[in-house]
Amino acid sequence: MKRLLIATTVVLGAAALVTPILAQTPEPPAWPGGPTQVFVSAHTLTAANAAYTPAVVGKQENFFPQTSAVRFQVYAVDLKTSKVVTAQDAKYFYVSIPNQPNVKLTYGKAGTGAKAPYIWAGTWTIPDTYPLGVVPFRVLITTKSGRHGVFQQAPVALAQLTVIAKP
Amino acid sequence: MKPFRTAIGATVAVGALAALAAPASAQAPYPSPKVPVPVYADTVSSSRGDVKLSRVCTQTNFFPRRARVVFRAWAMDSTTGKPLTSLEIKYAYVKIPGQPNLALNWGTHGTAPNQVRFWSAAWAIPADYPLGVVPFRIVFKTETGQFGIFQQPAIEGQQLTVTP
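In order, the protein sequences belong to chains D and S. First residue of the first sequence? That's 1 in the working numbering, and the numbers climb one at a time after it. First residue of the second sequence? That's 1 in the working numbering, and the numbers climb one at a time after it.
Possibly wrong hints are sitting among the right ones.
[What the hints assert, rightly or not] Short, incomplete list of chain D residues facing chain S, as computed with Cβ under 10 Å:
no., residue
1, Ala30
2, Ala69
3, Gln73
4, Ala76
5, Leu140
6, Leu158
Just so you know, these hints were derived from the structure itself, not from any lab. Using N, Cα and C, we set each Cβ at its ideal position, and we do this for glycine too.
Required output: the full structure, derived from the provided sequences and hints.
Laid out in C-alpha cells, this is it:
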C-alpha cells in the first residue's frame, strides 16, 4: 500500500510539473494574424519583359531570375462591408519591396473575354543587381474610408518570393 | 404635363433596367462583389508523390499526372478580422472535379521559430486524370453557418493545370 501511495504521489507530482510547462508552450500563430480591417490576397505570376520571357506567361510562381518581371495579382475585401475593394474604394494600394520604389497597383480587367474579372495588378522588374534570396514584400491598402489591410507571405521559406540568378 | 410624366416614367424605367443589366456588362470584381468569408489559396509542389517537381514546396499551378498538389489556404472571420481556425470551422475541403472531396487540415507549417498555422491538403493526381485545367473550389463553412469559397480566376495560364 505504501509503495502504491509513493507511486501515485510521484505520478501526480510529475504531472503537476509537466502540465504547466506544456501549457506554457505557445502554439504557432494562426496565419495571417490580425485583427485586420481589410483582407488582402496576393499572388505572384510570371510575366514577359524585354530582358526575359518565361516559358509560361501568367503562371503562379515564386522563383524569379534577376531582370525578370514579377506580376502581382491582388484582391481585397473590406471586412466591415464584405465588399471587394474596387478602384472607387481604394485610396492607396501598393506593393512595398525592400529597397525598391513602391509598385502601385491598378484595377483592371484580367484576361480576355466579356466575362473577364476585374482585379488589382502591378508589375515589378527585378533589377539586374537585386540581392538574391527571399523578398519579404508586403501589399498595403488604405481605403477611402480610412481602413487598412496588409498582405504578407506565409513564412514558409521555399514558397516565398525569391530572386535567383539570371540564366 | 402628361407627356412630361410619361417621359419621366420612361426614363426611370430605362434607368432601372440599365441598373439591372449593369452587373452583366460592367466591371465584375474578382472573386465577386461581396465576399462574406474571404479566402486566400494557392498550390505548391510536394516533396512526396510518384512524380516530383524540380523544386519542392514552391508555388506553381502546373503539375504532371501522379505528382502531388498541396493546397494551402487561409480564411478570415469578417466579424473579428482574425483567421478562421479549426475552432471556428465546421468543415473545410477542396472540391476537385471527378474526385472525392479533399478535407483541409489545420496544421503547423514552416520551421521554428517562424512557424505558423493554416489549412492545407495534398492531392495525388491520378495517372489517368484528364489533362488540362482543374477548376477546383475550396469551401469553408464556419460554425456560424457562413461560407467562404475560393475559385481561381478563369484566366489562361493561372489555373491549376494537369500536364502529361
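Hints versus structure:
Look at alanine 30 of chain D: its Cβ gets to within about 4 Å of chain S, closer than 10 Å, so that hint holds up. The interface hint given for alanine 69 of chain D is broken, as the beta carbon of that residue sits about 14 Å from the closest beta carbon of chain S, more than 10 Å. Because the beta carbon of glutamine 73 of chain D sits about 8 Å from the nearest beta carbon in chain S, less than 10 Å, this interface hint is met. Annotation: alanine 76 of chain D was flagged as interfacial toward chain S, and the flag holds, the nearest CB pair being 8 Å apart, inside 10 Å.
Because the beta carbon of leucine 140 of chain D sits about 16 Å from the nearest beta carbon in chain S, more than 10 Å, this interface hint is broken. Using the Cβ-Cβ criterion of 10 Å, the hint placing leucine 158 of chain D at the interface with chain S is satisfied: the shortest such distance is roughly 4 Å.
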